[in-house]
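Dock chain V against chain L, hints included.
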Amino acid sequence: MARMKRRDFVKALVAVPAAARAMLGGRVATAESAAAVSSPTAAAGTVVVPSMSKAVANFDYRTQMLAASVPDTVAATQGHFFNAQQMATLRRLGDLFQPAANGYPGATQAGTPEFLDFLIGASPAERKTLYLAGLDRLNTEAHKEFGKPFAEVNAEEADKLIRPWLRAWMNDHPPTEPYARFMNLAHAEIRTATMNSEAWSVAATSSGERAPGIGQYWSPIDPDIQIYV
Amino acid sequence: MPQEKVDVLVIGSGHSGGMAAKILTEKGIRCVMLNAGPIVDYQKDRETKAAYELPYRGMNMPGRVPHVWQANEFNANVWVDEKEVPYTYPQDKTYNWVRVRLFGGRSLFWACQSYRLSDYEFKARDHEGAGDNWPISLADLAPYYSRVEQIFRVRGQVNGLPQMPDGNFILDDSPWSGAMQRFAAAGKKVGVPLCKARVSVGKDGLASSINLLLPDAMATGKLTTVPNAVVRQITVDKNTGLANGALFVDRHSRREMEVKARVVVLAAGCLESTRLLLNSGLANSSGVLGHYLQDQVYGPGVSCSVPEARDGKSNSRLMGGGGIVPRFRNLDTKAKNFVGGYALTVGGGTGGMDPKNFAEYGPELQKKLDSYYGSGFGIGLMAAVLGRYENHVSIDKTKVDAWGIPVLHIDTKYTDNETNMVRDAVDTGAEIAEAAGFEVLVKNYEPNPPGYSIHELGSCRMGDNKKTSVLNKWNQSHDIKNLFVVDASSFVNGGWQNPTMTIASLSMRASEYMAEQMRQGNI
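From first to last, the protein sequence lines stand for chains L and V. Here the working numbering is used: the first residue of the first sequence is 521, the next is one more, and so on. Here the working numbering is used: the first residue of the second sequence is 181, the next is one more, and so on.
Don't read these hints as lab results, they were simulated from the structure. A few of these clues could be false.
Stated by the list, open to error - Label-pair distances were calculated between CB atoms; the ranges are:
#1 Asp-430/V / Asp-656/L: 33 to 39 Å
#2 Thr-583/L / Asp-491/V: 50 to 56 Å
#3 Lys-668/L / Glu-544/V: 20 to 26 Å
#4 Gly-461/V / Pro-591/L: 50 to 56 Å
#5 Asp-679/L / Arg-434/V: 14 to 20 Å
Just so it is clear, the structure is predicted and the values come from calculations on it, not from any experiment. Note that the Cβ used here is the ideal one computed from N, Cα and C, for glycine as well.
Isolated chain L (complex conformation) (with noise of 0.2 Å):
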């Protein structure tokens, strides 16, 4: 048998408690469990890995976890699918949308609009469709209504251009009429973008608040293996 590689062997090592774990299905191993694990003469069904010296069955490293951050506490997001005049639009509609208000972040300071340009770009044909006619519309009867782009309108003027598509719904059933339905989408995705950034956690956790958006996330689970033949 030829003489293990120094690289393998240290894989052996890490790989040993992690299969071990795995069999145990993540609870403490008692003295019968591990009595399994190692013995190739475990019941019939079980899963059996070859025997192991009492050094290496009895090794337990546990990974120290390491802080770690979201690329958005570093970084910001560059855009690439809205157009300039587009992405100006969407930044106008956040801020209207989502205003910054009592310690918590707006549309803008969550990043919202150039995480959009991200969602909306990776997202299939209908939805890229319509943020793109509806951010196109909204700038265009901007400029018929009061002779400017819609991210230079005021308050008062951009009420006049949303207020007429906004719609009460319910469920996931919202306007079915494309341009009311851009416009009450993306009211929704805008705060929820907005509500679900690290800029909004920090400012709840500030505050003393429970962060919205909180939930148990599952692992991919037991995913299926590459096949390279």
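Then chain V, alone, in the frame of chain L:
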């Protein structure tokens, strides 16, 4: 001894498969259970995270599980990946097929609503001349319902209503909140009852196959469980015509495997069981396999506010709690433009309201949300869909899944009957809310696509006539006597009720029959 024949092969591990395994192993019968997905570890596979830590700020990865409206970025990994196991439907007939392949299946995530069917459903043809009768009645299933309710620890009240049969409950003696009392009083004036919901309490917050059923089976030492086994075909002995096992693929390695069995029990979840039978070319002498698919209409509803709870006055005596309005149409009288019935789920909230309920934005919206905090009252709908021959599934021969297994084509749609029922439900719910003094904020008449309720039923229905049904009244194939299908594909009429109690009861009943037939040597 891999080629040794097992007594019973159970395919699927949800409530129906879990119940079959429990009953059979407790009678000393050796079972092998195959499940297409892995075993979940709640400690290892879940962790608390903030939305901003997820790649899409909790707003879902675009294009992922587009038909699972219940999915979000937190739970996206528990649903079947539609790219891995696709399905097709006609362009104008969207179907939301919501699937879980983890061990325990959808029993891991169900809402625990626990109702019996009544003879209005079991004998629908007799009652209103629509749909078909089941080959069994409530009296046949009642003893099994009682035992299932005991296992699941169903909490509820005894109401004495024939359309919502009473059962073996842990008594729910919690008081109604003020808002619920007002809704109940307003409903009573127009003959609409309000009852406490019936809920499976289970154990440790879970009422799943993996904690209520499979542990009992495991304790017998008679159950062997194999995860990650994707079954492609039920096999048949050419000489006898009987089922003799299954071919499956190891999910990870794609290794093809064969298992032999004396009896085969299909419990893969309604449409997966039917897909497997269709792909195997079995049990379809009637020609109705795949037909009579049904579910329940979800999505329409009413969003309200209780004025007295606004502006900081909400409290637990006034708000909170929920209930169910069981079917009240087409019992003693006849609705003018639909057959069958629906139930309403109603309840008051004590937290923030959905901003979508207000046509406002910015500071004005925030004022509304502050004022209306704790005053929300919602009405949802569960409407029956009759089994119709034309609503059906078939095999799409042009497409296969990640394991090379042909996929399902689902062709179903709602009709005027459902549309009319929805309109009646939403209008009636809103009228009662207004009569109770609530402000109606939004009404939605638009149903979610078929399948959304995750209550797909039928497509392998039972019946006494083997020319018009696939299974007999014991969930046993008319064609192949050692083949049983114990999940919701056997349903004839699903009614408005959440189906889990019926699924588990049918599986219990079928499994006891099966065990006795095995004991007598008939199968």
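Right, here's what the structure says about each hint:
1. Restraint check, Asp-430/V to Asp-656/L: a C-beta distance of roughly 52 Å breaks the suggested window 33 to 39 Å.
2. Restraint check, Thr-583/L to Asp-491/V: a C-beta distance of roughly 51 Å satisfies the suggested window 50 to 56 Å.
3. Distance hint for Lys-668/L and Glu-544/V: a CB-CB separation of about 24 Å, consistent with the stated range 20 to 26 Å.
4. Between Gly-461/V and Pro-591/L the Cβ separation comes to about 53 Å, which falls inside the hinted range of 50 to 56 Å.
5. For Asp-679/L and Arg-434/V, the Cβ-Cβ distance of about 60 Å falls outside the hinted range of 14 to 20 Å, so the restraint is violated.
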